[in-house]
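Peer 1: Quick note: the sequence shown uses my numbering, first residue 1, plus one each step.
Bear in mind the hints are in silico, worked out from the structure with no lab data behind them. Mixed in with the good hints there might be a few duds.
Using C-beta positions, here's what the derived DEER-type ranges look like [claimed, not checked]:
#, residue 1, residue 2, range
1, Asp176, Asp46, 19 to 25 Å
2, Val62, Thr187, 19 to 25 Å
3, Asp57, Ala192, 37 to 43 Å
4, Glu117, Arg27, 42 to 48 Å
5, Met203, Val62, 20 to 26 Å
6, Asn38, Asp87, 24 to 30 Å
7, Thr66, Leu240, 18 to 24 Å
8, Tyr226, Ala192, 41 to 47 Å
Within a straight-line C-alpha distance of at most 20 Å, the following computed SDA-like cross-link-like pairs (lysine to any residue) qualify [as the list claims (entries may be wrong)]:
#, residue 1, residue 2
9, Lys154, Gln230
10, Lys154, Arg225
11, Lys185, Ala82
12, Lys58, Gly39
13, Lys58, Arg69
14, Lys185, Lys154
15, Lys154, Gly39
16, Lys154, Ile112
17, Lys185, Ala196
18, Lys154, Arg102
Every residue gets a Cβ at the ideal spot worked out from N, C-alpha and C, and that includes glycine.
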Amino acid sequence: MRLAGKRAFVTAAGQGIGRASAETMAREGAHVIATDLNGDLLAGLDVVDSFALDVLDKSALVEAVTGARPDILVNCSGVVHAGTILDATDEEFDFAMNLNVRAHFHASQAVIPGMVERGGGAIVNIASVCSSLCGLPNRFIYGTSKAATIGLTKQIAADYVTRGIRCNAIAPGTVDSPSLHERLKATGDYDAAMTAFVARQPMGRLGEAQEIADLVVYLASDESRYMTGQCLAIDGGMTL
1 MRLAGKRAFV TAAGQGIGRA SAETMAREGA HVIATDLNGD LLAGLDVVDS
51 FALDVLDKSA LVEAVTGARP DILVNCSGVV HAGTILDATD EEFDFAMNLN
101 VRAHFHASQA VIPGMVERGG GAIVNIASVC SSLCGLPNRF IYGTSKAATI
151 GLTKQIAADY VTRGIRCNAI APGTVDSPSL HERLKATGDY DAAMTAFVAR
201 QPMGRLGEAQ EIADLVVYLA SDESRYMTGQ CLAIDGGMTL
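Given the sequences, and given the hints that come with them, work out the whole structure.
Peer 2: Printed below as a string of structure tokens:
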């Protein structure tokens, strides 16, 4: 098993990419600690430990990450806001930056000292193709925050490349998940919105959470030991 003997800490593991990543890492032998704001979503998750955690609560997040002593940190928390720069409010911008970037900053800051002490580790951040990779209509706040996630990834990688710590990001295209279906319903025309979202991928389909989880495992494992500071797009051809 590719992650045997490793300890992994996952945020936003209740559904979608986070849940698939937690379960897949567990199947690969990792001791997985899975967290989510909504503890009820963690029910039935086949991992060693799981508990509710608000990643916007810095003290709680730092205590949880530090206590877990993980070799692998997977930052999955995030929120998607719709609209252009003219639609954006300070409150929405602050919330997105806090959840999509600051929480990753705090979790990474908490985990790195232990990784340095143990001689290495892997951090995987979930970004998006809507970021510094490409712009998408009506995603100003989201794309800005995910671009920052990629920048955070590269800076951590640069600072700790000689200390055995690798930090990489994943940039998914549109992935089939409960949160996606909620956003589609919120448009008022679910079918039209689904058709438009599928059409963004030249492959003509949505991604699957498991496909992203498989890449998480690769970046968390020693198979990717020569890779750091990278952002890998897995997007059905969106960034061709």
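Peer 1: It remains to establish, for every hint, whether it holds in the given structure.
Peer 2: Do the hints match the structure? See the list:
1. Asp176 - Asp46: 19 to 25 Å: Once the Cβ atoms are compared, 21 Å apart, the range 19 to 25 Å for aspartate 46 and aspartate 176 holds.
2. Val62 - Thr187: 19 to 25 Å: violated (37 Å)
3. Asp57 - Ala192: 37 to 43 Å: holds (38 Å)
4. Glu117 - Arg27: 42 to 48 Å: violated (28 Å)
5. Met203 - Val62: 20 to 26 Å: Between methionine 203 and valine 62, where Cβ atoms are some 40 Å apart, the hint is violated.
6. Asn38 - Asp87: 24 to 30 Å: holds (27 Å)
7. Thr66 - Leu240: 18 to 24 Å: Violated, at about 41 Å.
8. Tyr226 - Ala192: 41 to 47 Å: holds (45 Å)
9. Lys154 - Gln230: holds (7 Å)
10. Lys154 - Arg225: holds (16 Å)
11. Lys185 - Ala82: holds (13 Å)
12. Lys58 - Gly39: holds (18 Å)
13. Lys58 - Arg69: holds (17 Å)
14. Lys185 - Lys154: violated (35 Å)
15. Lys154 - Gly39: violated (31 Å)
16. Lys154 - Ile112: Given that 20 Å is the threshold and the Cα spacing comes to 15 Å, the pair holds.
17. Lys185 - Ala196: holds (13 Å)
18. Lys154 - Arg102: At roughly 15 Å apart (the allowed maximum being 20 Å), arginine 102 and lysine 154 satisfy the hint.
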